[in-house]
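Participant: With the hints as constraints, model all of the structure from the sequences given.
2 protein chains.
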Amino acid sequence: MTTTTHPSAPTPGSSQSATSGPVAPTSGAACRLRPVPLEAVSITGGVWAARRQINGDVGVPAGRERLESAGNLDNLRIAAGTTSGTARGPVFMDSDVYKWLEAAAWEYARHPSEELLAAQREVTAIVAAAQQPDGYLDSVVQLRGGERYGELGWSHEHYCAGHLFQAAVAQVRCTGERGLLEVAVRLADHLVRTFGENGRHDLDGHPEVETALVELYRETGNRDYLELARFFVDARGQERIVAYGREPAYFSDRVPVREQTTVEGHAVRAVYLGAGAADVAIELGDDELLRVLERQFAAMEATKTYITGGLGSRWDGEAFGDPYELPPDQAYAESCAAIGGIYWAWRMLLATGDPRYADAAERKLYNGFLAGVSLSGEEFFYVNSLHIRADALADESRSPVHGRRPWFDVACCPPNIMRTLASLPGYLATTDTDGVQLHQYAPGTVTAAVPGGEVRFSVETEYPWEGLVRVRVEQAPDSEWTLSMRVPGWAEGARLQVDGQEQSAPAGAYAQVTRSWRAGDTVELSLPMTVRFVAADERVDAVRGCVAIERGPIVFAVEHVDQADGLVVDDLRVDPSGPTTAEYRADLLDGVTVVTARGRADNHTTAEWPYRPDGDGPAAYGRDVDVTAIPYFSWANRGVGPMRVWLPRT
Amino acid sequence: MTTTTHPSAPTPGSSQSATSGPVAPTSGAACRLRPVPLEAVSITGGVWAARRQINGDVGVPAGRERLESAGNLDNLRIAAGTTSGTARGPVFMDSDVYKWLEAAAWEYARHPSEELLAAQREVTAIVAAAQQPDGYLDSVVQLRGGERYGELGWSHEHYCAGHLFQAAVAQVRCTGERGLLEVAVRLADHLVRTFGENGRHDLDGHPEVETALVELYRETGNRDYLELARFFVDARGQERIVAYGREPAYFSDRVPVREQTTVEGHAVRAVYLGAGAADVAIELGDDELLRVLERQFAAMEATKTYITGGLGSRWDGEAFGDPYELPPDQAYAESCAAIGGIYWAWRMLLATGDPRYADAAERKLYNGFLAGVSLSGEEFFYVNSLHIRADALADESRSPVHGRRPWFDVACCPPNIMRTLASLPGYLATTDTDGVQLHQYAPGTVTAAVPGGEVRFSVETEYPWEGLVRVRVEQAPDSEWTLSMRVPGWAEGARLQVDGQEQSAPAGAYAQVTRSWRAGDTVELSLPMTVRFVAADERVDAVRGCVAIERGPIVFAVEHVDQADGLVVDDLRVDPSGPTTAEYRADLLDGVTVVTARGRADNHTTAEWPYRPDGDGPAAYGRDVDVTAIPYFSWANRGVGPMRVWLPRT
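Going line by line, the protein sequences match chains A and B. The numbering of the first sequence is this note's numbering, which starts it at 1 and goes up by one. The numbering of the second sequence is this note's numbering, which starts it at 1 and goes up by one.
For the record, the hints were derived by calculation from the structure and aren't laboratory data. Just so you know, not all the hints are guaranteed correct.
[Claimed, not checked] Derived Cβ-Cβ restraints for the label pairs, each shown as a range:
| id | chain 1 | residue 1 | chain 2 | residue 2 | range |
| --- | --- | --- | --- | --- | --- |
| 1 | B | E259 | A | R200 | 53 to 59 Å |
| 2 | A | T83 | B | R223 | 54 to 60 Å |
| 3 | A | R200 | B | S69 | 31 to 37 Å |
[Unchecked claim] Computed far set for chain A versus chain B, every beta-carbon distance over 10 Å:
| id | residue |
| --- | --- |
| 4 | Q53 |
| 5 | E65 |
| 6 | G71 |
| 7 | G221 |
| 8 | P256 |
| 9 | E294 |
| 10 | A298 |
| 11 | S313 |
| 12 | W315 |
| 13 | G520 |
| 14 | A535 |
| 15 | G641 |
[Said to hold, decoys possible] Under 7 Å between C-beta atoms, here's a sample of chain A residues computed to sit facing chain B:
| id | residue |
| --- | --- |
| 16 | P576 |
| 17 | G578 |
| 18 | D614 |
Ideal Cβ placement from N, Cα and C applies to all residues, glycine included.
Facilitator: Next up, the structure:
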């Protein structure tokens, strides 16, 4: 096992006053890379700055109101005895409160407003008041009078606890306030007393507490939390969880984690478990577990991931399908699954230093994740379809068809999106003993510890719309260190320019420059921003004969509203050998690059039995047309109409 | 409106002693064709005789035991006070009892055993004892103490009543016994007193009572039942039914029947409603309603039907997808939906005389329906996938993957399959004022009323394995009448031979011979039994670039077990321009024709990110192979392994 320690890594229990990111491995952790703390990274422009500002200005305040109107806060108040009533909503209502608190904490790091701090204090007090004397806390169980942990396969008690722990860690790291952490520690201690090798061997049907317990360990230094997380990871896979009409596979409980070779069942559960197991592997230096997780992640990428990075192809059970079962029209691709995939990928990146995990995170961030929130910042997709047909708009029971919504009865996605946007700077850069690694590109600044001192550099870029990323060193110690910049797997032909000298930058690796840096030094990475027509492995049956359009890290979609009058999206084909244009349009969709390609519009006039002798179908006649594509993430922001990511080839 | 009456058509209330089929329009009904009564058609050989015998010998007796072990009968006994306990199972438990009773009645017509009659009497007595003094009957509501019809959106009280009515009609038609009919009439009268224009305007969330009320009207002559059926049909579509987390579309309640242009929502609900509405249209001579139903059925056929005739592509909500949303791997295609589709098609055929409805029924019968039952007759598919991948076998939570099962918690399909097999002779032939129409071909005899008297003829055929269908007149009156034989839509090039004279027989129409017939006259219809490679309309995205294999009315499937050692079904391609063979194998799967085609086996060795620049994928290399296909209906009878109906073209 390769263990790399680093002078700036926190010791457990030491970070009580320093702020940090959402994932802060201890100094003894077995990770190749260590996150640059969230507060040492600023994002000052581009897509992410805009989305993060709207998240803070609109999304987080709106979320606070939803917690009131949906009854989440009342559930806690009733549990505290400060108001009366009965529990509302599903069993995991508390988790939305905690995810909102977590989002508010990270947002406070971006923009420390007194109003937001006051709101956090108020909600924290509501949570604290609901906690029972022995530390137990779950308002729905308390109100509905069920036995504590009596139906843990479905009760989500650990899941809610995990979100509380993450919120508490975020709050102390961003505001320095310890109120929520005290609640979290009391509940975590209750879990430690109740579960584990010498306690109950039950498991929550929904993983989440594992990663949260590890982060609480990192914050507090209490190793019991790490041990309990390890216990929960290793206790899984005994086929014990059957609940809510679902079999063990749904709960990631069919196969022990260390024997599993892929991901299966409920997608969010599976990837949250992956993230938690990775945290355990990192903190325990458990190389065997890490290898297992690499294998699982690789299988997920190769066989169960949409081109958008979306995860989970089945509405039934919100689940991963079989390998290559990835129909665009029936895609589920829950926003929370993309988020969990990003969290898992980040931990794998820290553990291994392998850029493919940063590639995976980037794809999910710009596509499967970012599509989950409207440009207005207050409406959300739960399900992310990749193909809406013209006739799909009639039936309102199919959620993505009628667009994003402000909230849901099962409201996991909105606050999950909020906390992810708010904590984004924590996922951009890392350090190791040699220097700094830049994984994701956004305009801003990074301050990081390197051998010999602290470096500060700016990042200037129009990425993801343009391929040039310029790093300008603003301050550096008098020592040699390495700057590593990720060259995405799609970026064949990338070039790196250092002080006017060009060198190649292999795709799917880090372009590295080792030297003594001085203020004013610049490095320019040029990523090729050609329009790419992408085809799927032929085992992805549902998109055989189709291509998707990519440019940079962006997956494009063809939306009805952008096509010439009279063109029907489902009649379009695209010519991958034809010319394309890519134009940045500041006026469109808060600023996006629009791609046009050549294609054909077929005439589909028949409405008869659709299966005919091969070669015997009506001749496809039609006309040459331009096909206009926008970033997938921006679809459904001008009303909702037909859309497709995959188009048949001409 | 064209109304054809016929001397042999029953007058309402007149059929109390005559046996008849499952659908017996009254003499005043507006139908072009009238069913030849079930007892006037015998099936003496071939696929259907074999399946029907096993259904009677094994399926029906096993079903009786399941009603005991699953608690259906106990629910009724507890309601009657003859035993104690609490209700088991879902709300529609009674309906399984009624469907079994209906199956037993039709089976008694095939094979009148005293044992089966005794079993019917016993179960009938259990049902009768549970009925309340005012006629109300629903054991689950009675036992769980809910308000009668208080949650009709989900309670299935009318649905269960409908199955009771159909069972009662079957029983009196096949056994002459009136015990169940008396129960049915009491309950139907209770419904008439409670619902309708002048009563409650509520609707059951699951259509079924509409078609059943019409049949009860046909049997009893009580026009109130017909009027109530019409009321239920026309009251639908007000968007009032929201239950069980489902929206009105799920319940076919989004759009009024007369305004609907397609089918949507829960597939079984939609097609049962179509069947009931067709019955209403027939009995009321409601031409406007009939036109609406023709349009809906045509849209279903053109855009929402699998090649197997299977209906409903979404697991979520067991629902129809959008038009052309027909992924083979995520197909739901519930057995009950195929059955409902057959029932609807039959009524549309009676109403219109259009052979396309008989084509649709045939496709469903031999494929989507027949796949629902094992060759052993006692295991059933609820869901009928069209593509099982090699890796699908791990997760046991996906029902079709692990094969047919003896029964289900929601056990609608098994007794539905039993009653359909048992009543099959009722769906083969019709008469009109000109003569006899033969719609489906099976060896046996038909006796039917024609102008001037009664005709009796035999049918000799090896169909669906061979294309020759020979009709031999055994007895005929001394008058001129027309024999019509359906030429399926796929049968281009069919020929008809009468007394050695050949004439053409256009596909998708009836080949007709009008003459004075004498005993010994023969007609031979020759249907071309070439192997057909069939492609889908390109809007069926999920099978673009693929072909399916058909021969005669049979859709074929490529099942793992039949391929040469080492061949993986998901690696196979098929060459539609290559040679094929078709061989009947008496030793295989109770006797089936096996098709072989030429193809390629690709090597899929990579397991990496599956989306690559168009044209940039690893070269497909592989080898020429034979691809072996069996009838889809017979798959999963030798264990369960990978299977696919659609294969990529070479």
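Participant: Hints first: check each against the structure and report whether it holds.
Facilitator: To see whether the hints hold, each was checked on the structure:
Judged by the Cβ atoms, the range 53 to 59 Å given for B:E259 and A:R200 holds: they are separated by roughly 57 Å. The hinted range of 54 to 60 Å is satisfied by A:T83 and B:R223, whose Cβ atoms lie roughly 58 Å apart. Separated by about 34 Å at the C-beta atoms, A:R200 and B:S69 satisfy the suggested range of 31 to 37 Å. Residue placement check: A:Q53 keeps its beta carbon more than 10 Å from all beta carbons of chain B (closest about 32 Å).
No beta-carbon of chain B comes within 10 Å of the beta-carbon of A:E65; the shortest separation is about 25 Å. With a cut of 10 Å on Cβ distances, A:G71 stays outside the contact zone with chain B, its closest approach being about 18 Å. Distance to chain B confirms A:G221 as a non-interface residue, since its nearest Cβ pair spans about 39 Å, more than 10 Å. A cut-off of 10 Å between C-beta atoms confirms that A:P256 is not in contact with chain B; the least separation is 14 Å.
With a minimum CB-CB distance of about 13 Å to chain B, A:E294 clears the 10 Å threshold, and the non-interface call stands. Distance check for A:A298 against chain B: the nearest CB is about 7 Å away, which does not clear 10 Å, and the non-interface claim fails. Look at A:S313: its CB is around 8 Å from the nearest CB on chain B, not clear of 10 Å, so calling it non-interface is violated. A:W315, annotated as away from the interface, has a beta carbon of chain B within 10 Å; the closest lies near 4 Å.
Every C-beta of chain B lies more than 10 Å from that of A:G520, the closest at about 38 Å, which supports listing it as non-interface. Residue placement check: A:A535 does not keep its beta carbon more than 10 Å from all beta carbons of chain B (closest about 4 Å). Every CB of chain B lies more than 10 Å from the CB of A:G641, the least distance being 13 Å, so the non-interface label holds. The beta carbon of A:P576 is positioned within 7 Å of a beta carbon in chain B (closest approach about 5 Å), and the interface hint is therefore held.
Because the smallest distance between the Cβ of A:G578 and any Cβ of chain B comes to about 12 Å, over 7 Å, the interface hint for this residue is violated. With 7 Å as the threshold, the beta carbon of A:D614 comes within range of chain B, its nearest partner Cβ sitting at about 4 Å, so the hint holds.
Going through the hint list in order, the structure does not satisfy hints 10, 11, 12, 14, 17.
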